[in-house]
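Residue numbers (the working numbering): 1 to 65.
In case anyone wonders, no lab produced these hints; they're calculated from the structure. Among the hints, erroneous ones may be present.
[As the list claims (entries may be wrong)] Here are the simulated lysine-lysine pairs, DSSO-like style, with alpha carbons at most 30 Å apart:
1) Lys4 - Lys61
2) Lys51 - Lys4
3) Lys61 - Lys51
4) Lys5 - Lys58
5) Lys64 - Lys4
6) Lys5 - Lys42
7) Lys58 - Lys4
8) Lys5 - Lys64
9) Lys5 - Lys61
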Amino acid sequence: MNYKKIAVRTISEFIDESPEMSMGEVLYSILRRSNSGIQDIKDLRSISDEKIYSIIEKAKKFEKE
1 MNYKKIAVRT
11 ISEFIDESPE
21 MSMGEVLYSI
31 LRRSNSGIQD
41 IKDLRSISDE
51 KIYSIIEKAK
61 KFEKE
């Protein structure tokens, strides 16, 4: 699977499904997940595309609740 393309599509869907959220709020929602493994902005470079996709999906579900 090409997780990079799927992740980009999923972020786009997240934005479309959350018109009340700014882009900054969407990114914050994705990155704040405590189980994401992202403690610092530098951590983004070492996370796989598949992991990023998983983090985005979890954030979408969290924001819907």
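The hints, checked one at a time:
1. Lys4 - Lys61: Holds. Lys4 to Lys61 sits at ~19 Å (cutoff 30 Å).
2. Lys51 - Lys4: Distance of about 10 Å is within 30 Å: holds.
3. Lys61 - Lys51: 16 Å, holds
4. Lys5 - Lys58: 17 Å, holds
5. Lys64 - Lys4: 23 Å, holds
6. Lys5 - Lys42: Given that 30 Å is the threshold and the Cα spacing comes to 22 Å, the pair holds.
7. Lys58 - Lys4: Status holds; Cα separation ~16 Å.
8. Lys5 - Lys64: Cα-Cα ~23 Å, so holds.
9. Lys5 - Lys61: Given pair Lys5, Lys61 holds - Cα atoms ~19 Å apart, limit 30 Å.
In this structure, every one of the numbered hints holds.
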